[in-house]
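Those protein sequence lines, which keep their order, are chains V and W.
Mapping of the first sequence onto this note's numbering: position 201 corresponds to residue 203, and the numbering continues sequentially without gaps.
Mapping of the second sequence onto this note's numbering: position 136 corresponds to residue 286, and the numbering continues sequentially without gaps.
Simulated from the structure, these hints should not be mistaken for laboratory data.
It is possible that part of the hints are untrue.
Stated by the list, open to error - Dumping the calculated BS3-like pairs for lysine-lysine here, alpha-carbon to alpha-carbon at most 27 Å: (1) W/K157 / V/K243; (2) V/K168 / V/K352; (3) V/K367 / V/K168; (4) V/K243 / V/K168; (5) V/K194 / V/K131; (6) W/K177 / W/K271; (7) V/K243 / W/K264; (8) W/K153 / V/K243; (9) W/K153 / W/K177; (10) W/K177 / V/K243; (11) W/K264 / W/K157; (12) V/K95 / V/K243.
Everything numeric in this text was worked out from a predicted model, so none of it was measured.
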Amino acid sequence: MLSIPDFPQLAERIAACTEADVQQALLSEHPGIQGLAALLSPVAAHMLPDLARRSAEITARRFGRVIQLYAPVYLSSFCTNRCAYCGFSADNKIERRLLSMAEAEAEMDILHGRGFNHILLVAGEASAKLGVDYLEELAERTRDRFAAITIEVQPMSTEEYRRLFKAGITGVAIYQETYDRRIYDQVHLSGKKCDYDYRLQTPARVAEAGMREVGIGALLGLADWRCEGLALGLHLAWLRKNYWRTALTVSFPRLRPAEGDFQPLVITTEHDLSQLLFALRIFDPDVGLLLSTREEERYRNGMIGLGPTRYSAGSSTAPGGYAHPDLEGEQFAVGDHRSLAEVCASIEAKGHDPVRKDWDSTFQKSF
Amino acid sequence: MLKIADKTFRSRLFGGTGKFASSQVMKEALAASGAEMITVALRRVDLNNPEDDIMANLDRHTYWFLPNTSGARDAEEAIRLANLARAVGRTNWLKLEVTPDPRTLLPDPVETLKATELLVKDGFVVLPYINADPILALRLQDVGAAAVMPLGSPIGTNQGILTRFQVEIIIEQARVPVVVDAGLGAPSHAAAAMEMGADAVLVNTAIAVAGDPVRMARAFAQAVEAGRTAYESGLGMQDRQAAASSPEVGLDFLR
Chain V
3 MLSIPDFPQL AERIAACTEA DVQQALLSEH PGIQGLAALL SPVAAHMLPD LARRSAEITA
63 RRFGRVIQLY APVYLSSFCT NRCAYCGFSA DNKIERRLLS MAEAEAEMDI LHGRGFNHIL
123 LVAGEASAKL GVDYLEELAE RTRDRFAAIT IEVQPMSTEE YRRLFKAGIT GVAIYQETYD
183 RRIYDQVHLS GKKCDYDYRL QTPARVAEAG MREVGIGALL GLADWRCEGL ALGLHLAWLR
243 KNYWRTALTV SFPRLRPAEG DFQPLVITTE HDLSQLLFAL RIFDPDVGLL LSTREEERYR
303 NGMIGLGPTR YSAGSSTAPG GYAHPDLEGE QFAVGDHRSL AEVCASIEAK GHDPVRKDWD
363 STFQKSF
Chain W
151 MLKIADKTFR SRLFGGTGKF ASSQVMKEAL AASGAEMITV ALRRVDLNNP EDDIMANLDR
211 HTYWFLPNTS GARDAEEAIR LANLARAVGR TNWLKLEVTP DPRTLLPDPV ETLKATELLV
271 KDGFVVLPYI NADPILALRL QDVGAAAVMP LGSPIGTNQG ILTRFQVEII IEQARVPVVV
331 DAGLGAPSHA AAAMEMGADA VLVNTAIAVA GDPVRMARAF AQAVEAGRTA YESGLGMQDR
391 QAAASSPEVG LDFLR
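Based on the sequences and whatever the hints tell you, model everything.
Below, the structure written as C-alpha cells:
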C-alpha cells in the first residue's frame, strides 16, 4: 500500500539538495525521486530557465507540439463535506443545484456544439443525490457523442468504477488536495472526505477497475508546494509500478488570496507553480499535465510548450452554467474567460496544435 | 541483499554449469565466482544421482540450485521438465527457458508467458528467461513471475548488452528483480548491467570458455560488485549535447 512520508521528512530531503544535485537531475534521463527533490528545491528556483528549457524539450519529444482541450461540466453543487477552502462546502450559504439528466445532457450538448470532445464531469460529494447510477446513465446517454468522458466526483469503490468504465467513463480525477496529513485534518472539517487514507488509495482503485486514466493533484495553497510536489512524484511512481496499464495526469489547482472568504494558508506564486510543473515533467516525461482556467490568460499563454499538455477552455464552474451563463454558485472564480476558439487561436499562434479529439469511445465498447 | 521470492542472496552473480572443460574446473570456477545461485540444465544433470559428474562436484548446502528447462521448445515440454525437477530435485524453483529455434536459442514469448502462468499457479517459483521486451516483463510479473531474466544479447554470443535501451525500461518498471542473462561476454558487460540497476547477472559461457575460467570467474565477481556499488553510489551524468544546443526559453510572462 502507498504511504506518503510526513512533510517535515520531505522538507528535509528537499532542503538538503545542492546546485550540483539540480544539475545532475537536469542532465539525467531518469532523475528519480532524489532528482525531483532537487528540482523542487529553493536552489532550483534560481535556475528556473534551465528547468523550463529541459521541461520544454521533454514535452516536445514525448507529446509533440500539441495541447489537448477539455471542458468541465458541473453537475451538482450539493455536498456533504465541510472543506474550509471550497465554494461547495456544506456550510456555505449558496443556492444548491443538481442538474436533471436532461439538463446535464443539454450542458454537454452545448459543449459538443462548441467543438469539445473531451469532457470532465464534476460534482460535490452527495452520493444520495448524485451517485454511480446517475453517472452511469449520463455516460450511457452521451458516450457516442464524446471521445472521452472523465469524472471528478466523490471517491468510489472498485466495483463502482468498473460499472462506470463499462458505461463509457474513460478516466477519473481524484485530488488528494494536500498530502500533508496534519493540514488535511485541519481543512476537512466534517464529512466522508475526512478520511485521508481512503482518498489516498482511490487512484489505485480506479486503476484496478481498468480505467484508462487517473488524474491526481494537490490544491496549491494549503501546504508547502515543494513537499506536495515530492508527494505527487511518490504517488506517480507508485502508481506506475503497480498499475502500468493506466495513463496518469496531474492537475495544479492553485488557490489565490482574491478568491472568496478562504485565504490560502500558504502563498504559491506563478514562479512556484512553474517550478513545480517543470520539475514533475522532468521527473515523469509521460505524465499528462493539466492547466485549468483557474490560471489567467497571460500565464496560460506563456506556458504553452513549456510542459502542460492539456488546457480547459471556456469553462463555467456552476451547475447549468453553459445554458444559463448568469447563474451564480460557482465552485471557484475562473481566471481565463476566453472562449474555446480564442484559446485555440493562442495555442496556434505559439506554433502548437489545439487538439480537440484524442480518443474514441469505440475503444471501450463491447459489441 | 538481493531477495527473490522468500530467499536472500549476498552474491549478485549467478553461475551456470555448462560448457566447462571439466567438472573440476567448473567446481573451482564457481567457488571463485562467489555465486550462490547456480542454474543447472535438467537435460544435462541427474539431480537425484550423487554420482552425476556435475552434481557430485557441487555442494547442495553451498549453492542454491536453479534447474532450467533448456531444450524445451514449448510450454508443454517446459512444464513436464519442471515437474520432473520438482519430483527428483526437491526444489520448486525454476529458470524457465522455452527456445523453439535451435539456431539462435531465442526465447518464445508466447509459450513462456503461458508456461509461467500455469507453473506459478502450480506453486513454482518461476524465473523466466526472456528477450528484453518490457511489456512481456510486466505481463510475466502480473502472472506471478518471481524475477525476470532479459537477455543482453543472444546466448553464447558474448556481445554484451545490445538490448540496453529495453533493459533500462524493464529495470525502471519492474517490481520484481531483474537478472540480466545471456550475452555478457566480459566483466565490463556485467559491470555495465549492474550500473544500469540490474539486480543480478547470470554468466556462464564467458567464464566456462575463458583461458583461465577460475581467474575469469573472480574478475566477473569483482565487476559485479563494482557495478552494484557504482549504481548504489549514484553515477555522475554524461553531458547531453541537447542541453547545450537548446534555445533559451522566455519566462518574462511570469508575474
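Hints breached by this structure: Hints 2, 6, 10, 12 not satisfied by this model.
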